[in-house]
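Go by the hints and put chain B onto chain A.
Protein chains in written order, with this note's numbering: chain A, 1161 to 1456; chain B, 1161 to 1456.
The hints are simulated quantities; they were obtained by calculation from the structure and are not laboratory data.
Note that this is a predicted model, so its numbers are computed, not measured.
Check the hints yourself; a few may be wrong.
The list cannot tell twin chains apart, which means a pair is met if one copy fits it or any two copies do.
Capping the alpha-carbon separation at 35 Å, the derived lysine-lysine pairs in DSBU-like fashion look like this [stated by the list, open to error]:
1) K1320 with K1229
2) K1346 with K1211
3) K1428 with K1229
4) K1179 with K1428
5) K1385 with K1428
6) K1346 with K1200
7) K1346 with K1438
8) K1179 with K1438
2 protein chains.
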Amino acid sequence: MNQVEIIEVGPRDGFQSVKAYIPLDIKLSIIDELINSGIKHLQITSFVSPKAIPQMQDAQELAAYCLQKYPNAHFMALVPNLRGAKTAWETGIRQISYVVSLSERHHVANINRTRAESFADLLNIQMQYPELEICLDLATAFGCPFEGRKHEQDVLGFIKPYVESGIRTINLCDTIGIANPAQVRKTIRAIQQVYPGLELQIHIHDTRNMGMVNTLAAIECGVTKVQSTLGGLGGCPFAPGASGNLATEDLVFMLSEMGYELGIDLPKLIEAARYQTKVIPDAIYSGHLHKISQHI
Amino acid sequence: MNQVEIIEVGPRDGFQSVKAYIPLDIKLSIIDELINSGIKHLQITSFVSPKAIPQMQDAQELAAYCLQKYPNAHFMALVPNLRGAKTAWETGIRQISYVVSLSERHHVANINRTRAESFADLLNIQMQYPELEICLDLATAFGCPFEGRKHEQDVLGFIKPYVESGIRTINLCDTIGIANPAQVRKTIRAIQQVYPGLELQIHIHDTRNMGMVNTLAAIECGVTKVQSTLGGLGGCPFAPGASGNLATEDLVFMLSEMGYELGIDLPKLIEAARYQTKVIPDAIYSGHLHKISQHI
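The shape of chain A in the complex, shown without the other chains:
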């Protein structure tokens, strides 16, 4: 019960928040540092249109490098459609995060199609790539910038056809950092009650300083895979005050202190966060530890 897997999503969610293209060798060197610190699960890129997200233009090369160099690590990539799934599969990726939004308006803004179209495409992916492991990345699971607060009943209603289609893992994403621990617990318990076999993950943005408290709330409800980004990289450097994800090193500190077994070397992870700050200086970091590691 005292084991938690940390899924580092900085190379996808963090890097994509940086406007200037990060050279491939810099990206790879950060992934090297992460793996060297003991991180075993990484979302490394997304297979999306390079026109929509130019930062991810090197997805295939990056994924091929990682798969070849680290055969024992668990790499996943974000995919918004059948075309992305095809490229991911052909590159050798066997785990994808299929991104949909609980909110229709956010979904259309994010993926440029309706939720119904995305669901139809998922069925195509499942048919054409039956060996692909698919995690449903549920964006705006707790609230949406356009549609406001979301409730556990919204989640339950929305995921039903996905679970029936064969989805076994759902990642609850607090895209805008609006969730609170009471809501996180309520949502998770409601899903666990209806779908006891479903694996849940959590992905909390730290916009309102709720990253640690909501992630711990999820863990203490039984969630054993949690997402975060090195240094809390995320947000948008052009939106004043925008914040990133929960910082991996903060999370590792808390959980290690509480006795969770993570297999991650905190000083090495902090070194990785410091290195990242050096090679990507023009970015938003919401993490505390890499700034204050002299106190540890």
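Frame of chain A, contents of chain B only:
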């Protein structure tokens, strides 16, 4: 059960972290803003040697102003010795935080006397000012920069004579931001078991991003009075990466979202935090909300 009192300690713990003297009228205007937002409990200053902490040189004038202007607010002041208690009493203060450290080495560094000397002085204060309400401010309650980790048995042993002397309220201070939720729960439950009648408070520094999660852990163990500072003001502007207290506005956001009744107007509180940032620009703020209130 869903009521929590927030004790704003920024005018003491926050202001004292700022090296340059903050003019009295600026301090008072920030206190005005805090009270205007609905804050009812404030630690407004400390009665200490102006040589040791020049920032607190205006303690008497500040306290007199506050007591006269806001007869219904609850003001307390930090006091390290009999002399401080005397001045506080003569100024009209009826609630003091008597500061001691669980760690002897930190105590000597902080108060310039031994813990035994401080205990003897407390007995004098209790005798000379029997109507003074005294909260024991227990610094380094979870860990010390010199002596390392502290455990619940250390706390229990240390507070015994204090409780026997008549102390009814103890504020557990995580001075260096090293506690974790498991430790917070363990410590609080141990104290509650031995001293069920004791009122506990919590005061968490956000050094390692643990402010929210540790404060919530305490609240969910039954602690109903929690300390924080506007904007997360605190730390030391001359220690790179040092962090302040838990930010009051972040705490208010979380608890309000969870349904706690606080009687605090969050937009007004955020305005207060923004105002403070303007009038004390050269300081460390660890709060998120006042930076990103455009997202609320």
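Next item on the list: Could you work out which earlier hints the structure fails to respect and list their numbers in ascending sequence?
Entry: 1, 2, 7
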